[in-house]
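Peer 1: Use these hints to put chains B, C and D onto chain A, whose structure you have.
Chains as they are written, first to last, in the working numbering: chain A, -6 to 259; chain B, 939 to 1595; chain C, 47 to 199; chain D, -14 to 272.
Think of the hints as simulated: they come from the structure by calculation, not from any bench. Do not rely on the hints blindly, as some may be mistaken.
[Claimed, not checked] With a straight-line Cα cutoff of 27 Å, these simulated BS3-like cross-link-like pairs (lysine-lysine) come out:
hint, chain 1, residue 1, chain 2, residue 2
1, C, Lys182, A, Lys133
2, B, Lys1550, A, Lys52
3, B, Lys1338, D, Lys153
4, D, Lys128, D, Lys153
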Amino acid sequence: MKALREAAEKLLREKRVSLVIGYEGRKGRPAFFAAKPEDCGRLAYDASCRQNLAAYLGKPEIRARLPVALVAPPAVLRSIVVMSAESQVAPGQVLALAVDGDSYLGTFDAAGAAELLRAKYSTLAPEPALLERVQGLLQKSPAERAAFWEAEFSKCTRCYACRAACPGCYCSRCIVEKNAPQWISTAALGHGNYTWNVMRAFHQSGRCTLCGACEAACPQGLPLMLLNAALDREALEEFGSRPGYDPEAKPLIGSWSADDDHSYMR
Amino acid sequence: MARIGVFICHCGENIGRTVDCAAVSAAAAKMPGVVVGVDYKYMCSDPGQQMIRKAIIEQKLTGVVVGACSPRMHERTFRAAAAEAGLNPYLLEMANLREHCSWVHSNQAEATQKAIDLVRVMVAKVRRNRALRPIRVPVEPTALVVGGGIAGIQAALDIAAGGKKVVLVESGPSIGGHMARLSETFPTLDCSQCILTPRMVEAASHPNITLMTYSEVASVEGFVGNFTVTIRRKARYVDPAKCTGCGDCFNKCPIKKIPNEFDAGLGQRRAIYVPFPQAVPNKPVIDAAHCTMLQKGKCGLCAKVCPRGAIDYQDQDRLEKVKVGAVVLATGFQLWDHAAYGEYGGGRLRDVIDGFAFERLASASGPTGGLIKRPSDGKEPQTVVFLQCCGSRDDKVGKKYCSKICCMYTAKHAMLYRHKVYEGRAVVFYMDVRAAGKGYEEFVRRAIEADGAEYVRGRVSRITRRRDGKLVVRGADTLAGRPVTIEADLVVLADAVVPRPGSEKLAQLFGVGYDQDGFYSEAHPKLRPVETAAAGVFLAGACQAPKDIPETVSQASAAAAKVLGLFAKPELEREPVIARVNRTTCAHCRACISACPYGAAKDFDIVDRAGKVLRAVADVNEGLCQGCGTCASVCRSHSVDLDGFTDEQIHAELNAL
Amino acid sequence: MMKTETSTAPAPAAFEPRITAFVCNWCTYAGADLAGTSRLQYASNMRIIKLPCTGRIDPLFVLKAFENGADAVLVSGCHPGDCHYTSGNYHARRRWTLFRKLLALTGIGDDRLFFSWVSAAEGQKFADLVNDVTAKVRKAGPFRAAHPGRRAS
Amino acid sequence: MKTLGYFPGCSLEGGGIELDLSVRAIAKAAGVELREIEDWNCCGASAAHSLNHFLAVALPYRVLALAESQGLSEVLAPCAACFSRLKGTQVRLARSPEMSQRTQEVVQRPYQGGVRIININEFMASLLEAGLAQKLTRRLGLKVAAYYGCLLSRGQDIVTGDDAEDPKGMEAAIRAAGCEALPWNSANECCGGGFSMSKTGSVLDLSQAVLDEARAAGADAIVTGCPMCHSNLDMRQLELVKRRRVPGALPILYLSELLGLAAGLEPAALGLDRHFIESRGLVRGGV
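The following block holds chain A by itself, in its conformation from the complex (with noise of 0.2 Å):
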């Protein structure tokens, strides 16, 4: 941790980003933002550590104070270089602080985290215990899937957290809160709650690193990661979608290629 806490000092010391966010060594690891070389000495890292940072850089605030460097465990790596293929992070304006475990891994831009990740981390995948559960859910009959998911969205309040805490979730009008048309009911009810859980996931298809924060937000305990993990594997085994390996990379939705599967199109 010295290393890191040493890396965000330097940076803000010559000036090369404006603000560090990282964790805080408080209990529950908020995020914290040290706009001083003096605070870096109140970051932390470790597993407790669930918010994906990542997150923040499509916020209007922080995007007013770029450049800034994140601390980020590879999964938020990858949300970086997702981001920068998607135009939302220009080159140079984030810098990332690579962390694994306690160890810190050094500074990066997006590109370099690329790199990183095709080096060190190639096969980062959801772990077995739950694909295993999509695939115990798979196992189950249309109706049985209808109603576990029945009881669990029938909990989701509508607060949103998971797309706050998502940083895929950048886009400055979110189409539930389009309202001409409305297509997603906004009232905590099971339609709408339906609707905004798939769409939710949807959105991120080919796009979700699978850091799990927005499961980890939601204080009803819903279990995205099901629905973020079921299409990740679909992406992965369809059509080799690998996303935040690739800062040049082409969306998912939004490219193709002759040789997509069809067979279950008549």
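Peer 2: The following block gives chains B, C and D in isolation, referenced to the frame of chain A:
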């Protein structure tokens, strides 16, 4: 406040028989926003249309739904009627009560219920329709023709004759293309140069045609009516303005032994050269790769002898932009390299030549002055074997397709040879003789009956060279069912017709599709054979598929007609079904830019007065947008919408179900 | 593997499914026209929403159809390679491959959501398709009112 | 040490023994173990398929089944005819489930298709890749006519990765031995094949044509991978020499012998002393 009129057509009995039209109009009349609900025997008839026009005016309708046949049938009709009554035509929608309802259902209750639903959906939609104006794009009435062969020349001449300007771009030093290399042409055996060269001259001298030889398309911007094309003018090292074509330079040039591409390598040229005597423009270029002056700075003879000081060793490639409204691609073809056939000598046997080489041997202006002499020893071949389908109809080594012209030119070759070498023996190996065309079959019969060409149905399995220089040709006569061996002096392979190298790259520049063999794809194989998927880009000649001269010329004229049609109006009018971006909510994720099949969606910088970039967003180019709506559906925040099929309209339709 | 049994116990014979179809203007809509001009008879349960291209179809449209009480949804467009807009259907295909996975996971199976390529020349295919889909959905029964995706009536 | 299944077949125990010797020798030199299929039987070669089509499949099927059951996933059949029969049978079985069903019933052995059959050209190429190339220290410097005949050049899906009309499969190996692979006219012409006894006259004519072409191309030797080609060109050449139908004797080598020589092995160990046409002189300075 919406005031919708609903007009239900009985279409005689066609709809009325199964759908209770009165019930439908009555139900429609009760739908929200509907002020008129009527049904009538023939809505498309004059009284029917009059009924609609009258209602629009008297009832001050803000929208109309016609429940009748398929919109593909009469949407234009009814929209025109609405327009006459002063209603924006795009405020009228049709409910398909015939093709999609009365004709496919027999149960009246069901059909009527469905008809009511279909009408309700359209009423819901039309209430959200917005008045649309056709997209108008100004047209630059100048055409670009790429390729100076007979296709390009013909297209250019026809467009020029129509009074429009043409820029004719040719990559070689002279126009004329392959046709200039031919000796005689089938099926009339008239001399190719005699019929071609006058047109070359006309193209060069026509006031409406700007000739750009030794030039290539470097890049393309814009869209139909408004292309900006950058042309690379390759360095000629000879100033055409000063050069008189006197020829002193290439008569003096000491570098003499360069195989002349025009003569299929049989003849030779200098380092400074015109490809052939009748070249247009008849002004030399320096082949930098072979010129010792340009390579090593030694020689400079041509500059010394040039009376006009036209030689310029410092010459550089120049880029030149032209603004054009339409493009004709006429890049032609080349012959497939038969080196891939090891059994035919793998390209190592000098006396195994391709069709163009034979054309040059037979051509009066060719390297042998029209005498048939074989390359290896210059002897007159006493036996010549012609081999059709070399690389065609052979997907194992060559191409799947039939190259179409080989049957005819092989028959011609056999004829020409027999005309020049009376005692000579001409043997033709063929799979089938495909002589479909005016006077073609007769021509082939003539080659066989009058000129004694021996046609052997079968393939050649091997061509080997004997020590005495004879080519031993072994094959099968599948009609006689026995192997044949022929000792030949010369073998002519009818190599497959393939696209020019770089044709794919050019297609990509213009957004034109091409097939697995590299031939350009027409917009529709039957009904739009000269258009391409890229609006304003047309095709002529063998760049689309193997073609003979008559076909090529007809297509070139057809392309010219399309271009002139496009130029007939100062502006293009297009269906206003195009996408629009909500710049305030666009997050610039660029998904739409990646998805757009037409490159219509692009980056756009929002700038302040000082020109400082505040924010980047996506934007749609009206000229390029074809209205598929793919951009709208990849936009997560629905910041892109599609006129005519807006979110609001679709949402309303769904709620009406 | 996913089980493919129906979402509910089979419904009474009286049940008439409501099926919403999203079709492209150039192929499937024209194919439906051809079915008409050929006077091919098929079930009357389907309501067509015409769009320029399958590329225009947002997954939200499908969810909205279900929400509004459709028992099944059909998406149909030009065969691969035939798209009037060259690649709209390719974009759609990729999107549906992912989206159907998500719906399957949340209990909307192959007996609720159908995809097909129907060209302007395939009137017969369209008629057969409608009959087949209708039969399947009849068997599947009403889209369970309790499915979270459907507005509680 | 890599292990490879080995199917000698009848030739390699008789007229083609030099092929057997040289293949085993070069394999040894390259550090590859050849494990002979236990209880192997005749491949059916040239006779079976002209007598009984089913037999022509059943015989090789048994060999394949044996190899599979003995855990041999890759089998080398140096004899071109054996290779053609074994691989050809695999192709037929793959094309027709009925056929494989029936054969299985008759032969009473299962075969899952898990055996890869390779011919001598493929084998030599693989050895060179695996490092034999570095061991070829003796540069032979010969002008060689690579002769494929029919069985090492033809058969759809049987001889793969080469051009049936213009085969090149041996050339890399020939060059690796420090020799020049000449372009010539008869690389895949017929040698007379199995008619050596029954129609000796035609075999003489055909073999002579091949020899003439090789000589015309300036060859010091013909290299082949087929025992039948070898016996026709080697044994029958004696007669042609006797009758003065050919100007002189032209050595006929197996590809494996050529590489063996290049690897510095003793000619006798490769069976060079067993040829009818003296070929030991090919090695610089003789032996």
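Peer 1: Now, for every hint given, state plainly whether the structure supports it.
Peer 2: We went through each hint and held it up to the structure:
no.	hint	in the structure
1	C/Lys182 / A/Lys133	holds, 20 Å
2	B/Lys1550 / A/Lys52	holds, 21 Å
3	B/Lys1338 / D/Lys153	holds, 25 Å
4	D/Lys128 / D/Lys153	holds, 15 Å
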